[in-house]
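S.K.: The primary structure of each chain is shown beneath.
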Amino acid sequence: MKYLPLVWATLWRKKTRTVFTLLSIVVAFLLFGLLETVDYAFSHPSGGNSGADRLITINKYSITLSLPFSDAQQIKNTKGVAAVTWLSWFGAYYQDPKNFVFALPIDSDSYFDVYNDDFVIAGDQMQAFRNTRTGVLASSALLKQFGWNVGDKVPLHSAIWTQKDGSLDWTFDIVGAFDPKDPAQASQQAQLFLFHYEMFDEGRNFGKGTVGWFEERVADPGESAALSNKIDALFANSPNETKTQPAKDFALAFIKQLGDIGFILHAILGAVFFTLLFLTGNTMMQSVRERIPELAVLKTLGFGNPTILGLVIGESLLLCGMGAVLGLGLSYAALPGIKKALQGVDLSPDGIAPGFAIAVLFALIVSVLPAVRAVRLNIIDALAAQH
Amino acid sequence: MSESIVSLRNVGKRYTRGKQQSVHVLEGLTLEIPKGDFVALMGPSGSGKTTLLNLIGGLDKPTSGEITVAGERLDRLGGSALSHWRANHVGFVFQFYNLMPMLSAQRNVELPLLLTNLPAAKRRANALAALTLVGIADRAKHKPNELSGGQAQRVAIARALVADPTILVCDEPTGDLDRKSADEVLHLLQTLNRDYGKSIVMVTHDPKAAEFANRQLHMDKGALAEA
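Chains as they are written, first to last, in the working numbering: chain A, 1 to 387; chain B, 1001 to 1227.
Just so you know, the hints here were simulated from the structure itself, not pulled from any lab data. In this text the structure is predicted, and so the values were computed from the model without any measurement. Heads up, a few of these hints could be off.
Part of the chain A face toward chain B, derived, beta carbon under 8 angstroms [unchecked claim]: (1) Pro5; (2) Leu234; (3) Asn237; (4) Glu241; (5) Lys243; (6) Pro246; (7) Thr300; (8) Gly302.
Using 27 angstroms as the maximum straight-line C-alpha spacing, the simulated BS3-like pairs for lysine-lysine come out as follows [as the list claims (entries may be wrong)]: (9) Lys2(A) <-> Lys1061(B); (10) Lys230(A) <-> Lys79(A); (11) Lys1122(B) <-> Lys15(A).
Here a beta-carbon is modelled for each residue, glycine too, at the ideal position from N, C-alpha and C.
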């Protein structure tokens, strides 16, 4: 610690250069924090809908291919399946494509058999939903987001499903609101908009009698893998072969359909840090080169090679450490904003934490060459060079 | 006979220039400097006086011969041991002061004390005491670019003194100063020698500066001749 004032003063010897280098490190770590947070969110789907006691059955070849509704009965009769329900991707937004709404047509009975522990819904509102063909149960967060109230009539635009009159606009009546039973599921349920499958199936212009996928609640989560195989065996060699997997795996597979997000994000970060490595490394080299007489004086005063080595590495650690703390701090502060942008995705600061280890590693790498140069410095030559 | 602070026996120093050419800077040099002496080394450029000073200060090692300073055989010490020895025994004063431009005068003077186990408060107090000794305590918070040449050299002398070295090694300490400032610095060195018993070896081109020393040694072509 006694060397800190010396290292600090040396770091700010050329203020402008240090500020610009620091800014580039801050931006790199801000980017790291943001992208890693997103990557972490995508690769660590939270519990709730992706709980261990849930299975999801989709068409073996693609989730975009539907399955016959009649499969539900066979799945339900499979030993070990406690409940089964069916859903389809509605692909909806409210007024503007950026106002994504996670609208799902559900079977009001079977859906709440599978998700019996996930929602807090007032009894009268649940009853109103069951009694209203165009009724909707939406999350309280969604109502708040769009300023909706129970009793409102709400139009949604589906990107996929046309009605019989050719319109893509569907009108619903909000009859109730729900909240998550487990607060950890709040972000997952935030965009949820549940309406009747029956209304959807009757109203749509094509695909009648089919479902997007089935979701099952299993009696014994330990039997999930065996049960998955059992369900898929039911439809083997049929025109609609299935692929059943735990809900968590399904979420990951769904995300991967967008591409290998992790690879893309890491490739971007790799390019950023590779460039930064040269930039900061060059700055450190230049800084040491300019200070050769000063380093020679320190050596003359009796500063040994380990101390000189420590001073140069310490300077690099201080620079990179400050950049990392500022950059990662800013990305942490931006978490609520990202959460809003990635509606429904649960974010965790855990994705940011490895940034500090990277900062230390980065500082060590960029300081190696300047530190070696400083250590190898010949006092006589360095002092003579300034004459 | 008084105890020697510097003892050189048959010291030679050779540099290799380019691939093959060997340059003998010092040859067979023998010298005794008693403790508490103030010696001025004079001579034309290239005579070897700075090389001799570097050897005495433990910045360089002889190619041949024995060199003992403050009771230590410097020709036998390795790089790390020499660094440690310099920190404990030598105070350096350079022609161009060589102060750290980003540090205040007081912080510059504190530098050698970073190598000790003194607490921060004691380091600050000692640095201030050294600055007071050289008569520049009022400029303690100023950075080198806010000081005149004479003031900067006084700070450099305070830095050389602060760890209470056995010997002061001065390389053209007045070479970059006007006459008035040079005389002030030389008076200061003289005071440190007379009143505080500091052994001083000073390289200079300036005969007037050399007059402040107790003894003048003249060098020419790597050999020594006492005046």
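S.K.: Hint by hint, say whether it matches the structure.
M.R.: Consistency of the hints with the structure:
1. Pro5: holds (7 angstroms)
2. Leu234: Interface hint status for Leu234(A): violated (77 angstroms vs cutoff 8 angstroms).
3. Asn237: Violated - the Cβ of Asn237(A) stays beyond 8 angstroms from chain B, reaching only about 79 angstroms at its closest.
4. Glu241: violated (73 angstroms)
5. Lys243: This hint is violated: Lys243(A) lies away from chain B, its Cβ roughly 66 angstroms from the closest one there, beyond 8 angstroms.
6. Pro246: Hint on Pro246(A): violated, closest Cβ of chain B at ~60 angstroms, above 8 angstroms.
7. Thr300: holds (5 angstroms)
8. Gly302: Because about 3 angstroms separates Gly302(A) from the closest Cβ in chain B, which is inside the 8 angstroms limit, the hint holds.
9. Lys2(A) <-> Lys1061(B): This hinted pair is violated, its Cα atoms lying about 31 angstroms apart.
10. Lys230(A) <-> Lys79(A): holds (9 angstroms)
11. Lys1122(B) <-> Lys15(A): violated (30 angstroms)
Consistency with the previously given hints fails for numbers 2, 3, 4, 5, 6, 9 and 11, ordered from lowest to highest.
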